[in-house]
Amino acid sequence: MSATAKDTIKDGIVARRLIYLAPILFFVVVSGYFLWGLNPERDPRVLPSVMIDKPAPEFTAGPLAGTAVPGLATADLKSGQVTLFNVFASWCIPCRAEHPFLMDLAQRGEVAIFGLNYKNKPEEASAWLRDLGNPYTRIGTDEKGRIGIDWGVSGVPETFVIDGTGRIRYRHWGPIDKDALERTILPLIEELRG
Amino acid sequence: MRRGLATILLIVLAFAAAPAGAVNPDEMLDDPVLEARARDISTGLRCLVCQNQSIDNSNAGLARDLRLLVRERLVAGDSDDEVRAYIVARYGDFVLLRPPFKPETYFLWFGPGLILALGVIGVAVYLRRRPAASAHGFAPLDPEEQARLARLLDDEDGLAPKS
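Going down the list, the protein sequences come from chains A and B.
So for the first sequence, this note's numbering puts the first residue at 117; every next one is plus one.
So for the second sequence, this note's numbering puts the first residue at 83; every next one is plus one.
Be aware that one or more of the hints could be misleading.
[Unchecked claim] Not everything, but these chain B residues come out facing chain A in the computed CB check (under 10 Å):
| hint | residue |
| --- | --- |
| 1 | N141 |
| 2 | L144 |
| 3 | V170 |
| 4 | G174 |
| 5 | L178 |
Don't read these hints as lab results, they were simulated from the structure.
Quick caveat, the model's predicted, so the values are computed rather than measured.
Cβ atoms here follow ideal geometry from the backbone N, Cα and C, with glycine treated the same way.
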């Protein structure tokens with residue numbers, strides 16, 4: 117048998133063997149998809165925000181009656197300082213869960229925290245802040261939820277990190293916890309301060 | 083007979099009722115044309131809270147806000163596409179229940195066709211590669227087998243049980 121004929125046979129055998137790899141490949145692809153889909157850490161309700169890297173929407177929100185802090189407008193987000201923009205409501209249970217983290221952050225004084233009081237009765241919101249403490253240096257009221265829609269808010273709480281030029285750099289969906297704060301939000305604030 | 087008629091009437095009436103959705107009368111526009119357009123747009127917009135419902139049949143607060151917003155934009159003179167673009171600018175393509183046709187979604191739209199084409203090619207290759215003989219299910223008998231078959235058929239004792 118010539119060398120070339122032998123090679124042809126060999127090539128044929130290799131090609132046939134490769135077919136046996138197909139189910140393994142199929143398994144890897146499918147199980148990879150399942151691992152992603154069934155990962156308990158992944159919350160399918162969290163949607164990527166289209167507002168990232170866009171300038172904060174234009175809005176002017178009046179102050180929350182019953183609190184001492186002023187209202188909030190787009191211009192306040194362009195102060196040259198990194199700010200947190202937190203959408204909250206007294207009727208929202210997860211807001212209560214994230215509140216201590218905001219208080220802690222406010223006490224450290226590293227970053228200004230602005231609040232948007234979303235679809236909330238002013239007297240209930242101000243009572244809530246009196247009870248738990250007020251971490252915000254400015255609060256705007258959005259009783260109709262229109263400002264929230266302009267920010268692409270789909271539920272409270274949501275927190276945006278705004279750079280000094282008033283551009284949205286990050287959105288956190290759901291309550292802030294220790295992990296989110298230490299792993300993502302604080303490092304990002306550091307980075308934006310540069 | 084009367085019961086039969088009543089049953090038929092009941093069924094007809096049940097199906098004649100228009101699907102009401104979650105639209106409250108106070109949200110509706112007075113202009114029936116604009117209202118019809120609003121309904122049409124709303125049924126194609128996803129509720130961000132209960133994600134597999136349209137805002138037209140979701141009772142979530144945000145869905146109601148978006149329904150009102152859609153109607154406001156229509157009254158302000160926006161076209162249907164402008165209203166959709168307005169919502170998409172805030173919530174992204176995900177808010178559209180019918181995904182748009184653009185490079186990011188080509189795989190979504192062409193994927194099933196692509197998989198079908200791959201399957202057809204696979205079957206065609208398999209059928210062409212299959213040896214001709216096996217197409218009949220049997221390979222033809224070689225002379226030795228022919229001879230053995232003849233022997234078996236001739237020799238009654240070879241097959242019949244011994245009596």
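Hints that the structure is at odds with (numbers, increasing): 1 and 5
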